Amino acid sequence: EAGVAQSPRYKIIEKRQSVAFWCNPISGHATLYWYQQILGQGPKLLIQFQNNGVVDDSQLPKDRFSAERLKGVDSTLKIQPAKLEDSAVYLCASSLGQAAYYGYTFGSGTRLTVV
Amino acid sequence: DQQVKQNSPSLSVQEGRISILNCDYTNSMFDYFLWYKKYPAEGPTFLISISSIKDKNEDGRFTVFLNKSAKHLSLHIVPSQPGDSAVYFCAASESNTGNQFYFGTGTSLTVIP
Chain A
16 EAGVAQSPRY KIIEKRQSVA FWCNPISGHA TLYWYQQILG QGPKLLIQFQ
66 NNGVVDDSQL PKDRFSAERL KGVDSTLKIQ PAKLEDSAVY LCASSLGQAA
116 YYGYTFGSGT RLTVV
Chain B
5 DQQVKQNSPS LSVQEGRISI LNCDYTNSMF DYFLWYKKYP AEGPTFLISI
55 SSIKDKNEDG RFTVFLNKSA KHLSLHIVPS QPGDSAVYFC AASESNTGNQ
105 FYFGTGTSLT VIP
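So the sequences go chain by chain: A and B. Residue 16 is where the first sequence starts when you use my numbering, and the numbers rise one by one after that. Residue 5 is where the second sequence starts when you use my numbering, and the numbers rise one by one after that.
Please note that the accuracy of each hint is not assured.
[As the list claims (entries may be wrong)] What the simulated footprint calls covered on chain B by chain A, stretch by stretch (three residues with Cβ under 8 Å from a Cβ of chain A suffice, anywhere in the stretch; the number is not a length):
no.	region
1	21-29
2	35-46
3	73-81
[As the list claims (entries may be wrong)] Listing some non-contacts, in silico: residues in chain B with all C-beta distances to chain A over 10 Å:
no.	residue
4	Asn61
5	Phe69
6	Gly87
7	Phe93
Quick caveat, the hints were computed from the structure, so don't treat them as lab data. Source: prediction; values computed, not measured. Glycine is no exception: its CB is placed at the ideal position from the N, C-alpha and C atoms.
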C-alpha cells in the first residue's frame with residue numbers, strides 16, 4: 016500500500032511569512048495526526064482528526080497555526096505568521112483505527128526553516 | 005512536561021553485540037507502548053509494540069521488555085547490525101482515553117562494523 020504522502024519536503028521562509036503543508040494519508044485511514052518535531056526532541060502532537068472532525072487540538076498554537084481536513088482525506092497545516100521557533104520537521108501520520116492498537120504510519124515530513 | 009523520557013541521547017555498539025535502549029515514563033495510566041526507528045530525512049517507522057498485559061514481546065532480533073512497577077521499558081537488539089544505526093523513539097499511550105502517543109526525545113544508535 017502507498018504510504019503517507021507529504022509535501023513539500025523542505026521549505027525555507029522568512030519570519031512573519033505564511034506557509035502551508037499538505038498531507039495525504041493512507042487510503043482508508045480515518046485518523047490523521049500532525050506532529051511537530053523540533054531538532055533534538057521527540058515528535059509532539061499538534062492536532063488529531065477523526066475523519067474530518069477535530070479530536071484534539073489542545074497543543075496547537077491557534078493564534079498562528081490552523082489545520083483542516085476536508086472530506087476526511089487530505090489535510091493541510093498552515094502557519095501564519097511564522098516565527099523562528101517554528102523551525103522544525105512537521106510530520107503527518109495516519110492510523111486505521113485507534114492508534115493504541117494500530118500504531119501510526121508516518122510520512123517523511125516537511126522540514127521547515129524560518130529565517 | 006515530558007511524560008516519556010529517553011535519558012541516553014546516543015549509544016554506540018559493536019556489530020554482533022547487544023544494543024539496549026531504555027525508556028522511562030511517568031504516567032501510570034499508559035498501557036500501550038511503541039518503539040519507532042528513524043533514519044535521516046525519513047519519517048519514523050514502526051518497529052515493535054507492547055501492551056501492559058505483557059512484560060515481553062519479541063519480533064526477530066528485537067525484543068521489548070516492560071517493567072510496569074518501575075515505569076520502564078527497554079528495547080534489545082540482538083545481534084546488532086550496521087543497518088540498525090538510526091534514532092529510536094519510544095512512545096506511550098493511554099488507550100482508554102484516546103489515540104495520542106507521547107514520544108521520548110530519542111536515542112541515536114550507532115552500530116560499528
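Going down the list of hints, with the structure as the test:
1. Residues of the region 21-29 of chain B with a Cβ under 8 Å from some Cβ of chain A number 0, which does not satisfy the need for three, so the listed coverage is violated.
2. Residue count for the region 35-46 of chain B with a Cβ under 8 Å from a Cβ of chain A: 6. That meets the three needed, and the coverage hint holds.
3. Proximity of the region 73-81 of chain B to chain A, defined as three or more residues with a beta carbon under 8 Å from a beta carbon of that chain, is not established by the 0 residues found.
4. Non-interface status of Asn61(B) relative to chain A is upheld: no Cβ of that chain comes within 10 Å, the nearest being about 13 Å off.
5. Residue placement check: Phe69(B) keeps its beta carbon more than 10 Å from all beta carbons of chain A (closest about 19 Å).
6. For Gly87(B), the condition that its CB be more than 10 Å from all CB atoms of chain A holds, with the nearest at approximately 19 Å.
7. Non-interface call for Phe93(B) relative to chain A: violated, since the shortest CB-CB distance, roughly 6 Å, does not exceed 10 Å.
Comparing the model with each numbered hint stated earlier shows that hints 1, 3 and 7 do not hold.
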